[in-house]
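Chains C and R, in that order, are what the protein sequence lines are. In short: position in the first sequence from 1, add 2, done, that's my numbering. In short: position in the second sequence from 1, add 32, done, that's my numbering.
Heads up, some of the hints might be wrong.
[As the list claims (entries may be wrong)] Covered stretches of chain C, as calculated for chain R (at least 3 residues, CB under 8 Å):
hint, segment
1, 61-69
2, 77-87
3, 138-145
4, 179-193
5, 369-382
6, 405-413
It is worth saying that the hints were derived from the structure and are not from the lab. This one's a predicted model, so the numbers in the text were calculated from it and none came from an experiment. Glycine included, each C-beta is placed from N, C-alpha and C at the ideal position.
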Amino acid sequence: MLQDLLTAKKADFKDYTELRAQVNSTQQVTLLSGNMTANAQSATGGVAARVYKGGTFGFASAAAYNHDSVSNVLKAATDNAIFMDSHVKKGKPPLPVVTGAKMDLRKFPSEPINQKLLIDFAKGLDEMIVKKCKNLSSRTVVSNCLNMEKLLVVSDGADSHFYQPRAMAYVIMTAETKDGDQVELFKALGGFGHFDEHFTDPSAYAWEIDELYEHLMAKREGVFADAGMKKCIIHPDLAGMLAHEAVGHTVEADLVLGGSVAGPNLNKQVASELVSMTDFAHTAFGKTCPLPVYVDDEGTPAEDAILIDKGILKGYMHNKESARHFGVTPQGNARAFAFSDEPLIRMRNTVILPGQSKLDDMIASVEDGYYLIKTGNGQADSTGEFMFSVDLSYEIKGGKIGKAIRETTISGVAFEMLKTVDMVSDDMTWDVAGFCGKKQPMTCSMGGPALRCDMNIGGR
Amino acid sequence: MKDIANYALQVMKKAGADKAACTAGQGRKDEFNVEANNFTLLRTNFSDSLHLKVLVDGKKGTTTINKLDKDSIDKAVEECVALAKQGTPDEAEDIAPLATNKDFDQKIGGFDAAKLFSRSQEFLTQVKDEMPKIMIEGMTAEFNSGCTTYANSNGVCFTNESESYNAGSSFNAVEGDKTSSFNYYYSALANLNTPFIDLGMTRTLFEESVRSLTPRGFDGKHVGKIIVTPAAADMLWHTIFGCFLDDFSMIQGTSRWKDALNTKVTDSKLTLRTSPLHPLIVGGERVTGDGFESVNQDYIKEGVLTSFDLSLYAANKTGKPRAGNNAWSLEVLPGDMPYADMLKGVDRGILINRFSGAQPGPSGDVSGVAKNSFLIENGTVTDALVETMVSFNLVDVLQNIVGISREVNADGYGVLPWICLDGVTISGA
Chain C
3 MLQDLLTAKK ADFKDYTELR AQVNSTQQVT LLSGNMTANA QSATGGVAAR
53 VYKGGTFGFA SAAAYNHDSV SNVLKAATDN AIFMDSHVKK GKPPLPVVTG
103 AKMDLRKFPS EPINQKLLID FAKGLDEMIV KKCKNLSSRT VVSNCLNMEK
153 LLVVSDGADS HFYQPRAMAY VIMTAETKDG DQVELFKALG GFGHFDEHFT
203 DPSAYAWEID ELYEHLMAKR EGVFADAGMK KCIIHPDLAG MLAHEAVGHT
253 VEADLVLGGS VAGPNLNKQV ASELVSMTDF AHTAFGKTCP LPVYVDDEGT
303 PAEDAILIDK GILKGYMHNK ESARHFGVTP QGNARAFAFS DEPLIRMRNT
353 VILPGQSKLD DMIASVEDGY YLIKTGNGQA DSTGEFMFSV DLSYEIKGGK
403 IGKAIRETTI SGVAFEMLKT VDMVSDDMTW DVAGFCGKKQ PMTCSMGGPA
453 LRCDMNIGGR
Chain R
33 MKDIANYALQ VMKKAGADKA ACTAGQGRKD EFNVEANNFT LLRTNFSDSL
83 HLKVLVDGKK GTTTINKLDK DSIDKAVEEC VALAKQGTPD EAEDIAPLAT
133 NKDFDQKIGG FDAAKLFSRS QEFLTQVKDE MPKIMIEGMT AEFNSGCTTY
183 ANSNGVCFTN ESESYNAGSS FNAVEGDKTS SFNYYYSALA NLNTPFIDLG
233 MTRTLFEESV RSLTPRGFDG KHVGKIIVTP AAADMLWHTI FGCFLDDFSM
283 IQGTSRWKDA LNTKVTDSKL TLRTSPLHPL IVGGERVTGD GFESVNQDYI
333 KEGVLTSFDL SLYAANKTGK PRAGNNAWSL EVLPGDMPYA DMLKGVDRGI
383 LINRFSGAQP GPSGDVSGVA KNSFLIENGT VTDALVETMV SFNLVDVLQN
433 IVGISREVNA DGYGVLPWIC LDGVTISGA
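Extracted from the complex, chain C is given alone in its bound form (with noise of 0.2 Å):
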């Protein structure tokens, strides 16, 4: 745990500073195969210090975290601040003060996660997966777990000590068509908290693993999709990306300014009255999220930030200067990912809440499209443009659930796609799997519910 070096200095800070301590720490056994290609560990950590003056800021980073390298990152990142100062010369006043009591440490492990148990689980789902999964080509099981500790010292708002820790297991089945190609499924299982909170026995799993690979054998004697504009039920998995991509990265303060579609958008309808959507801080629907943040590093004790209410964009996500900009209150979405890294604007926990209809009575009412379930990857624009791989998927005729579909790809203008929304189910999951990237990886949670709406699918 980290030893408390930085309080001490807080004498020294002459203008806006924030102090932070921080180490995160990763292992991970991969199984390639049967063959075991990574069994590893790491711990990088250090100090960093971030001083604003004029409108802008000094930073500085040392991976030694002594009382010694304490005094000289702050130094190091008071000179860097004063360079700026006086050269760029904004002339902005001092950020506003944040007001905020102390968070104390919650949730650190007694004793290190033993890499044996990541060993042994990472075994046991690839033996499952042998003697379960017949005719596959490969198959790959990661077990993973990254613990993020961070000390925060600041000159105003909250004082913290945070802790957060993620376990994940990876699942990658693939498979040959009869026709020579490979197709692939992947599924994550997890989430916040401490390896052997999540995976201590893999027969907990099989159910999952039967699924993947019912879905797999599906696919492989999938059909490709007929390209062009379909009436589509988004499983909610695709919908929490859809939100965390899509939407929020435009609702982004920082950019906003600098130029995303959400800027004239304020306050102005950008999707169907069953659309709302929320940045929730810790605790969502009476329960803890699935990533929660109390302070984020800047010292702002964190709140929901409510982005779309009933189809109205009604707030971005800001830090401390953000909101100054904007003449609203910050709510806590400035993280950094390593000690090395500087506060961003950053996802939470971003969701389109749950509606009212049954997912049941959803796929029933499509005469001709599609069902679709995960997605791979997404990316989004500063319009709103989206785009999304999509591994699994079916048809869906005359209300059923039809033939598996290949690879494809999904696209659209996120505010015109959500105008098109006319259900949204009563149910919702949360994906915690993987990095949002903007600049530094980061740790995000996402979810929904499932939608019905118009969506541009891409055919072969």
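Once you've looked at the hints, dock chain R against the given chain C.
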């Protein structure tokens, strides 16, 4: 760094490693940041790194930390050896054999902070004056310096001292309520002699972003030609590595080219290599991740598959030759077709500057949105496009390359020409 690496090796051997390898490094980054056309931050990062690999009874463990003090190294070694003992034996695991040890000097004369700042300031001023509709959403201008030593228990020892500048931006065009797609362009530089706006494709991409403020959709569905610019390198070249050449696809056996070594796999116009020693590559790698001196490597030579991109482990695992470098510095040899002639040969097609696509599966089916792209009609680039999808099979289109340009773009990371492909499905929304 040599002393630290050698100390770590000694401790690993003493702790029971049969074979051991270590990479120790120390570096510094100085970086100016810009957001929304304005300077926002000056960063100075002091970094340390230590990567350890041990083999015990053929079982591997790897540990990475960023501390270089004796206590931290001792603890990391203890953990690494413990990892290995818990691992699974694999005869393919090994470390590089003894070769000629070398010290590499890639320094470029040190950091000129004032010049880097003034070049950055000049860039913002030029963009504002010459292309006022361009919004620099984010820019970094940085100087990186460092020293890294790789050493292993076979006696291998390489040290690389390096320095480089990196500069570039992500940007879009904004006019009233209209916004273009974002794009980006970054360069690695050995000096600051050239204004940033004149680097590589920067000016062209800015101009094209402004033209993209009023895009149109592609009418209908068409199977025809596309020209892929060097700015869209990941659309083709990185995909070839990911689908057909790398460790993963070869160990898994999913590569469609797994049995195609020394056979013709593409049109003979294509020669694809990675060239860290190319004079236009800045700060190219000198030592591979598994401890070999890096050399330039051909993968496809005049259409013939000459190598896979395999690490030492994957080479041992598959029985195929190891690649000569880490495959970071892409080079495609120029062709004999002037770019102007390439354009003239396209009756109806598109010019692609950026590709937002799915990660292709093992089949090589590529599908996605053509971004920052333009319609080509009767040999002339006309309207900017929006919501235009392209799809093709990579193996199929590479069989019949229409042309590779005589001109190349070198951005310090790679040296790439323009390429024209046929048989691509293009469809509007």
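To see whether the hints hold, each was checked on the structure:
With 6 residues having a Cβ less than 8 Å from any Cβ of chain R, the segment 61-69 of chain C passes the three-residue criterion, so the hint holds. Chain R is given as covering the segment 77-87 of chain C, and this holds because 6 residues of the stretch bring a CB closer than 8 Å to a CB of that chain, at least three being needed. For the segment 138-145 of chain C, the proposed coverage by chain R is satisfied: 3 residues have a C-beta within less than 8 Å of a C-beta in that chain, meeting the threshold of three. With 4 residues having a beta carbon nearer than 8 Å to a beta carbon of chain R, the segment 179-193 of chain C meets the requirement of three or more and the stated coverage holds.
For a cut-off of 8 Å, the count of residues in the segment 369-382 of chain C with a CB near a CB of chain R stands at 3, and the three-residue condition holds. Closer than 8 Å: that is the beta-carbon criterion, and the segment 405-413 of chain C has 5 residues meeting it against chain R, so the requirement of 3 holds.
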